[in-house]
Amino acid sequence: MAHVALTARTSFTGLAARKMTLDSKQALDRFLAGIERRAFVIARLATRNREDAMDIVQDAMLQLVKYYGGRDEGEWAPLFHRILQRRILDWYRRSRVRNRWRHWFNRDSEDDSDPLENLPDSAAVDPVQAIFTERALGALNGAIAALPLRQQQAFLLRAWEGMDTEQTAHAMGCAAGSVKTHYSRAVHTLRDRLKDHSP
Amino acid sequence: MTEPTENKLLDNANRLRQESERALDELTIARLRAARLNAVARVSGRHRWWGLAGGMATASVALAIAGALWLRAPSELPMVSTAEPTVADLDLLATESPEFYRNLEFYRWLASQSDAS
Chain A
91 MAHVALTART SFTGLAARKM TLDSKQALDR FLAGIERRAF VIARLATRNR
141 EDAMDIVQDA MLQLVKYYGG RDEGEWAPLF HRILQRRILD WYRRSRVRNR
191 WRHWFNRDSE DDSDPLENLP DSAAVDPVQA IFTERALGAL NGAIAALPLR
241 QQQAFLLRAW EGMDTEQTAH AMGCAAGSVK THYSRAVHTL RDRLKDHSP
Chain B
10 MTEPTENKLL DNANRLRQES ERALDELTIA RLRAARLNAV ARVSGRHRWW
60 GLAGGMATAS VALAIAGALW LRAPSELPMV STAEPTVADL DLLATESPEF
110 YRNLEFYRWL ASQSDAS
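Chains as they are written, first to last, in the numbering used here: chain A, 91 to 289; chain B, 10 to 126.
Simulated from the structure, these hints should not be mistaken for laboratory data.
A few of these clues could be false.
[Claimed, not checked] Straight-line C-alpha distance at most 30 angstroms; calculated DSS-like pairs for lysine-lysine:
1. A:LYS270 to A:LYS285
2. B:LYS17 to A:LYS270
3. A:LYS156 to A:LYS115
4. A:LYS285 to B:LYS17
[Said to hold, decoys possible] Non-contacting residues of chain B with respect to chain A, defined by C-beta distances greater than 10 angstroms in every case (computed):
5. LEU33
6. ALA73
7. GLY76
Note that CB positions come from ideal geometry on N, CA and C, so glycine has one too.
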């Protein structure tokens, strides 16, 4: 009798666990479906490279599910953005180091041209540009892409994700004061660069 | 011409976000969907060995892609520093693919060939 009761309880626990897993999966799927495109656009703006952006978003999704899938649903958005921004920053640092070593090996064979001139023309590679008919939005896209990384992160988290200073600081892994500085500089730079596109 | 106000800037930024998401091509959308499904499938811990095998397969592909990225033209990367490598770089290099270290001599040789030509 006790054995039957134990078996029944175990089955019930198993069913409940399976239902919970199913619920968690559905909730995570909903959350990620709502954020994946925006995350990709953010990563692509930072890296200016489709494949790198895709890798960063994939990694951020996996990390969220692996480490924070069991957390409250309301915590997912700030956690996801923290992971995403961290991955972008890691990518940026690796690119910088890799370029430094590459330049070191090839320094005699390269000319002394301004490295900034070697940046890909975002207006040429970004398909958004081909679709936009409004100059102002195209110019804004280019201006945001040209912002220094930390300013770009602060601006996009506040403008696109609607985060306040504290939430942005958490996502960027820095102090609120730094966020204010980065955001303020970003807005100032963007306003200055977009003068010609404002009536 | 006047500077756009902050509110106008934010309005335009949000329009830009909507348009950017809308303009994504089908392939990108499909890849994002696949990445999401792959991530969500890992919620259940019942297939750990499959997860491990999948992880190893992913790592192999990642190594191959890292090699391809390494050999890609430097102009595709957004940041170029002309400073010499420093000790501070070593912690980042430590996480690089082992291929990088195995091929150091090759890159050195490649650089000397570029110089010679």
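How the hints compare with the structure:
no., hint, verdict
1, A:LYS270 to A:LYS285, "holds (22 angstroms)"
2, B:LYS17 to A:LYS270, "holds (19 angstroms)"
3, A:LYS156 to A:LYS115, "holds (12 angstroms)"
4, A:LYS285 to B:LYS17, "holds (12 angstroms)"
5, LEU33, "violated (6 angstroms)"
6, ALA73, "holds (13 angstroms)"
7, GLY76, "holds (12 angstroms)"
In this structure, the one hint that does not hold is number 5.
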